[in-house]
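*Asks:* The residues making up each chain are set out below.
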Amino acid sequence: QEDTLVPPKTNLKWFETISVGGYVQARYNRLLETNPQLTCEQCDGSWGDGNGFSLRRVRLKFSGNLGDYVSFYIQPDFASSGGQHLGQLRDAYFDVSLDKNGEYRFRFGQSKVPYGFENMQSSQNRIPLDRNDALNSSIRNERELGVFFYWTPTLIQERFSMLNKLGLKGSGDYGVFGFGVFNGQTGNSPELNNKLHVVGRLSYPFLLGSQIIEPGIQAYTGQYQMPTGNVSNGTMVNNDLNYLDQRVAASFILYPQPFGIQAEYNIGKGPEFNKETNSIEVTPLHGGYATLTYKTHIGNQVLFPFTRYHYYNGGKKFERDARSYEVKELEIGVEWQPVKAFELVAMYTISSRRYEDFIIRDNLQEGSLLRLQAQVNF
Amino acid sequence: QEDTLVPPKTNLKWFETISVGGYVQARYNRLLETNPQLTCEQCDGSWGDGNGFSLRRVRLKFSGNLGDYVSFYIQPDFASSGGQHLGQLRDAYFDVSLDKNGEYRFRFGQSKVPYGFENMQSSQNRIPLDRNDALNSSIRNERELGVFFYWTPTLIQERFSMLNKLGLKGSGDYGVFGFGVFNGQTGNSPELNNKLHVVGRLSYPFLLGSQIIEPGIQAYTGQYQMPTGNVSNGTMVNNDLNYLDQRVAASFILYPQPFGIQAEYNIGKGPEFNKETNSIEVTPLHGGYATLTYKTHIGNQVLFPFTRYHYYNGGKKFERDARSYEVKELEIGVEWQPVKAFELVAMYTISSRRYEDFIIRDNLQEGSLLRLQAQVNF
Amino acid sequence: QEDTLVPPKTNLKWFETISVGGYVQARYNRLLETNPQLTCEQCDGSWGDGNGFSLRRVRLKFSGNLGDYVSFYIQPDFASSGGQHLGQLRDAYFDVSLDKNGEYRFRFGQSKVPYGFENMQSSQNRIPLDRNDALNSSIRNERELGVFFYWTPTLIQERFSMLNKLGLKGSGDYGVFGFGVFNGQTGNSPELNNKLHVVGRLSYPFLLGSQIIEPGIQAYTGQYQMPTGNVSNGTMVNNDLNYLDQRVAASFILYPQPFGIQAEYNIGKGPEFNKETNSIEVTPLHGGYATLTYKTHIGNQVLFPFTRYHYYNGGKKFERDARSYEVKELEIGVEWQPVKAFELVAMYTISSRRYEDFIIRDNLQEGSLLRLQAQVNF
Chain A
1 QEDTLVPPKT
11 NLKWFETISV
21 GGYVQARYNR
31 LLETNPQLTC
41 EQCDGSWGDG
51 NGFSLRRVRL
61 KFSGNLGDYV
71 SFYIQPDFAS
81 SGGQHLGQLR
91 DAYFDVSLDK
101 NGEYRFRFGQ
111 SKVPYGFENM
121 QSSQNRIPLD
131 RNDALNSSIR
141 NERELGVFFY
151 WTPTLIQERF
161 SMLNKLGLKG
171 SGDYGVFGFG
181 VFNGQTGNSP
191 ELNNKLHVVG
201 RLSYPFLLGS
211 QIIEPGIQAY
221 TGQYQMPTGN
231 VSNGTMVNND
241 LNYLDQRVAA
251 SFILYPQPFG
261 IQAEYNIGKG
271 PEFNKETNSI
281 EVTPLHGGYA
291 TLTYKTHIGN
301 QVLFPFTRYH
311 YYNGGKKFER
321 DARSYEVKEL
331 EIGVEWQPVK
341 AFELVAMYTI
351 SSRRYEDFII
361 RDNLQEGSLL
371 RLQAQVNF
Chain B
1 QEDTLVPPKT
11 NLKWFETISV
21 GGYVQARYNR
31 LLETNPQLTC
41 EQCDGSWGDG
51 NGFSLRRVRL
61 KFSGNLGDYV
71 SFYIQPDFAS
81 SGGQHLGQLR
91 DAYFDVSLDK
101 NGEYRFRFGQ
111 SKVPYGFENM
121 QSSQNRIPLD
131 RNDALNSSIR
141 NERELGVFFY
151 WTPTLIQERF
161 SMLNKLGLKG
171 SGDYGVFGFG
181 VFNGQTGNSP
191 ELNNKLHVVG
201 RLSYPFLLGS
211 QIIEPGIQAY
221 TGQYQMPTGN
231 VSNGTMVNND
241 LNYLDQRVAA
251 SFILYPQPFG
261 IQAEYNIGKG
271 PEFNKETNSI
281 EVTPLHGGYA
291 TLTYKTHIGN
301 QVLFPFTRYH
311 YYNGGKKFER
321 DARSYEVKEL
331 EIGVEWQPVK
341 AFELVAMYTI
351 SSRRYEDFII
361 RDNLQEGSLL
371 RLQAQVNF
Chain C
1 QEDTLVPPKT
11 NLKWFETISV
21 GGYVQARYNR
31 LLETNPQLTC
41 EQCDGSWGDG
51 NGFSLRRVRL
61 KFSGNLGDYV
71 SFYIQPDFAS
81 SGGQHLGQLR
91 DAYFDVSLDK
101 NGEYRFRFGQ
111 SKVPYGFENM
121 QSSQNRIPLD
131 RNDALNSSIR
141 NERELGVFFY
151 WTPTLIQERF
161 SMLNKLGLKG
171 SGDYGVFGFG
181 VFNGQTGNSP
191 ELNNKLHVVG
201 RLSYPFLLGS
211 QIIEPGIQAY
221 TGQYQMPTGN
231 VSNGTMVNND
241 LNYLDQRVAA
251 SFILYPQPFG
261 IQAEYNIGKG
271 PEFNKETNSI
281 EVTPLHGGYA
291 TLTYKTHIGN
301 QVLFPFTRYH
311 YYNGGKKFER
321 DARSYEVKEL
331 EIGVEWQPVK
341 AFELVAMYTI
351 SSRRYEDFII
361 RDNLQEGSLL
371 RLQAQVNF
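Chains as they are written, first to last, in the working numbering: chain A, 1 to 378; chain B, 1 to 378; chain C, 1 to 378.
Mixed in with the good hints there might be a few duds.
Identical copies look the same in the list; a pair holds intra-copy or inter-copy alike.
To be verified - Using 20 Å as the maximum straight-line C-alpha spacing, the simulated PhoX-like pairs for lysine-lysine come out as follows:
| no. | residue 1 | residue 2 |
| --- | --- | --- |
| 1 | K195 | K100 |
| 2 | K13 | K61 |
| 3 | K165 | K195 |
| 4 | K340 | K13 |
| 5 | K340 | K100 |
| 6 | K165 | K13 |
| 7 | K61 | K100 |
| 8 | K269 | K195 |
| 9 | K340 | K61 |
| 10 | K340 | K195 |
| 11 | K328 | K100 |
No lab work stands behind these hints: they were computed from the structure.
Please model the complete structure; the sequences and the hints are all you need to start from.
*Replies:* Below, the structure written as structure tokens:
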């Protein structure tokens with residue numbers, strides 16, 4: 001008796017099916033620094049006093065297409081855990097298609113939640129060093145455990161793929177339509193309540209002559225439970241620690257041929273520390289950003305001068321006491337790719353960040369700094 | 001002067017010698033749940049109240065045959081550490097053969113202890129979602145640091161290998177005869193006492209017409225030291241925290257062509273919490289299971305309807321206070337492999353679990369739940 | 001519009017660019033042990049009482065040349081973290097050359113600090129099981145986050161490469177001239193002060209007839225900040241916890257054709273616990289070692305009988321209270337390579353180690369033990 005599962009059409013070796021790649025980002029954030037107290041927990045822990053060289057991301061990617069219907073993607077990161085450099089998952093998901101062309105896919109495991117274009121865009125491709133606070137305050141590390149459904153017609157699959165092949169800094173294929181349910185405590189954090197989050201997204205890359213624009217809209221809702229270890233003694237909280245966590249965002253992208261625009265805005269409600277009442281309360285939040293880029297070449301080398309302004313007013317649920325934030329930040333910089341495998345970014349950041357919790361009560365930090373990043377892609 | 005080590009016969013590239021593979025299991029255990037207090041620390045931490053989607057295993061395997069005498073196997077898991085998804089070793093061992101055919105092998109490093117067929121069988125192949133408590137309470141994660149010797153005649157090497165190629169859910173090759181010494185504190189836990197454990201095993205796959213049966217017998221003995229961090233304040237313990245840890249098990253397997261039986265039973269002694277005396281004492285333990293499977297096909301797809309009953313009465317040395325257990329569990333389900341790379345398991349579990357330590361004193365939890373798993377193999 | 005970055009000359013597959021390899025070391029240190037209290041925190045945590053089988057290193061290496069100018073190297077280890085076997089970075093760096101021949105290279109990320117030949121030499125190649133205390137007390141795990149510059153003329157690149165191909169246990173290519181700046185808190189430890197360390201090194205492999213000798217000189221200086229978690233209650237410290245950390249070392253290597261010498265000595269200043277004053281003070285330190293080896297063959301198998309004596313008097317800044325050390329150790333052993341992929345080392349160690357901090361106050365441990373290691377290379 002033989003195993004009757006369909007054998008792969010050709011007798012592929014493991015390395016023809018599975019591929020290994022990754023990237024590394026090394027940084028130095030201390031040049032021209034005007035305020036060593038200005039820090040940014042979520043975007044980069046190596047800002048400010050007492051910091052030096054750092055690794056922001058050390059990623060290994062293992063991925064592959066396993067026949068016509070199944071693919072997988074596993075990506076650990078070795079730059080997590082406060083400088084200890086332990087390996088921790090980012091992605092671990094697999095896609096199962098309902099059709100041979102992969103137009104209708106279910107995604108299982110830990111993967112990016114389809115909320116926000118910049119959130120979907122890989123840090124390997126993004127030009128500013130960190131994501132904007134406004135949309136990235138939604139889901140730490142952009143990822144969650146859940147089940148997602150994506151629909152992408154073949155034509156648009158090719159378009160999403162082309163955007164990255166041309167070096168236009170696309171998001172990859174998160175569907176023209178995406179829908180999913182997920183735990184809602186953000187990635188690599190155990191689920192705490194019995195309520196799942198729900199997310200939906202529409203995004204379409206239109207061809208307008210030789211230009212491509214991609215407008216999008218997305219929203220999610222759910223109940224977030226404050227982990228007790230993240231609540232200071234003395235902070236007042238809801239009985240069950242559960243808080244409404246709800247957002248909607250609009251996106252607009254003009255891909256840089258050569259001039260590019262990337263802009264997003266979101267509004268919503270979520271837990272936020274209130275220093276008047278010493279309590280965590282459901283509070284409105286809003287904010288967004290606009291990035292302007294210009295893709296140009298010097299000989300065979302690629303240069304991306306860029307500027308980004310972003311603004312956020314709201315809480316960060318996954319920080320201490322759902323820390324209260326008001327962020328205004330302007331960045332001006334350039335990404336230089338002398339060869340495919342290597343990129344250098346220099347970015348001058350002018351920042352005003354108010355971030356307050358039960359312990360750090362009145363904390364408006366303003367200043368500027370020059371940030372440098374060297375990146376290898378493999 | 002040239003290095004005179006024997007060069008490999010053919011000039012192999014690294015990817016012809018080393019291969020990369022793995023699998024991922026994503027789960028949801030909350031459907032049709034009748035008792036949210038019913039949990040199972042060892043088998044799956046995402047049962048019950050406050051849980052949602054989870055990753056049970058995220059495995060990457062790096063392995064290879066390095067010439068005629070040496071092979072290696074390294075397998076980290078990224079689903080450990082309570083939802084934090086840090087990378088942690090499962091296997092890291094290498095085999096050194098005394099002969100070119102690999103009939104006599106020594107195994108060094110962290111690897112599975114040859115105790116129990118279901119323990120040896122990979123979770124990638126096992127049909128029920130988790131191992132039975134009776135035999136799996138012997139060694140957490142089935143692995144230990146040590147040195148093991150395996151003897152497998154060439155003919156039986158081929159038979160073990162064929163069992164998995166035919167999709168018959170074999171254990172892999174842990175020898176017709178196995179013997180080993182190991183630390184005895186279970187894998188990824190530091191050794192604490194100066195006493196090694198000893199294990200021995202006999203298992204032989206007989207060909208009976210077109211059917212294959214594999215009876216086996218195995219035993220181990222040693223002294224287990226309770227880690228102080230695992231003993232509650234107030235629990236009475238032996239002076240040196242050392243406890244006899246001793247088991248013997250019988251196994252019987254009829255491989256599913258198409259009807260399969262897998263049954264094992266073990267008896268022994270080990271540390272167990274006694275709630276009458278508030279102490280950890282060496283106590284008899286016993287238990288086993290029987291799994292019935294049927295391998296069938298719908299077109300090119302494979303289906304494995306199955307049922308398992310398992311029972312365990314004894315302690316779990318690696319849990320708090322060597323927690324006292326009495327488990328009765330009936331499972332009915334089906335594994336569906338629409339394509340080689342993807343499997344879905346749905347399993348209805350009817351469970352009665354008593355588990356008690358110094359803190360949780362009277363704790364009999366009964367209930368049932370539907371468990372779902374999606375798995376990708378690469 | 002097409003991306004104008006230079007395409008790779010040939011259309012390489014991922015596995016032709018990236019390669020995966022590694023090695024595993026399994027050990028047993030308890031034979032012929034005369035003093036179970038004799039331990040060595042830095043060199044091998046599995047010496048002495050309560051220990052058994054252990055994994056000293058489980059390394060996976062991902063590396064590749066990405067075109068003419070860029071290469072990368074990522075190496076996690078799975079034997080760290082006190083027996084828990086979590087994955088943690090050792091190396092994560094990438095080299096960017098200024099010229100096509102790679103003579104002038106900048107190295108970004110976490111990599112070995114060019115201080116000491118034995119520190120540069122891979123543990124995969126080193127014959128004694130652990131590095132000498134004298135030079136290895138400089139930088140835990142030999143690695144730091146920083147930026148380094150290396151200059152290696154093409155001729156010497158080939159010589160460095162040949163030394164390892166011939167099995168002569170070279171250091172690899174850390175330049176004829178090396179220079180760098182780095183955080184200074186040692187690898188996988190977050191930077192604490194705002195002061196970078198600086199290091200410089202000269203090392204040249206001379207051809208003398210058929211023999212190769214490599215003299216070298218190296219030095220580094222910086223301010224080390226004691227981490228508060230590493231200072232016992234009651235220990236007196238500098239106000240800002242900062243201490244001068246400064247060393248210079250000389251190296252001499254005669255590669256084993258067949259008789260080899262490897263000798264190094266360093267002097268310097270650094271934090272050290274003083275049990276008279278209960279304080280951590282900047283104190284002079286000095287020490288070195290000499291290793292004698294003989295490379296011989298039995299048929300196609302390689303044997304390296306060896307002996308090493310090493311001495312160290314000074315502090316270990318990265319241990320509790322900058323623990324005070326005086327080490328005298330003699331080792332006699334043999335490395336046996338029956339085949340390329342597998343090595344066995346047996347090493348008899350006669351040791352006198354005084355190591356004292358605020359808690360362990362008078363602690364001179366003397367004794368001897370037989371140490372065994374099995375290693376697989378892939």
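*Asks:* Now, for every hint given, state plainly whether the structure supports it.
*Replies:* The hints, checked one at a time:
no.	hint	in the structure
1	K195 x K100	neither (34 Å within a copy, 57 Å between copies)
2	K13 x K61	both (19 Å within a copy, 15 Å between copies)
3	K165 x K195	neither (39 Å within a copy, 42 Å between copies)
4	K340 x K13	between (27 Å within a copy, 15 Å between copies)
5	K340 x K100	between (32 Å within a copy, 15 Å between copies)
6	K165 x K13	between (26 Å within a copy, 16 Å between copies)
7	K61 x K100	neither (24 Å within a copy, 28 Å between copies)
8	K269 x K195	within (17 Å within a copy, 43 Å between copies)
9	K340 x K61	within (18 Å within a copy, 22 Å between copies)
10	K340 x K195	neither (44 Å within a copy, 33 Å between copies)
11	K328 x K100	neither (47 Å within a copy, 44 Å between copies)
In terms of the numbered hints stated before, the structure departs from hints 1, 3, 7, 10 and 11, listed from lowest to highest.
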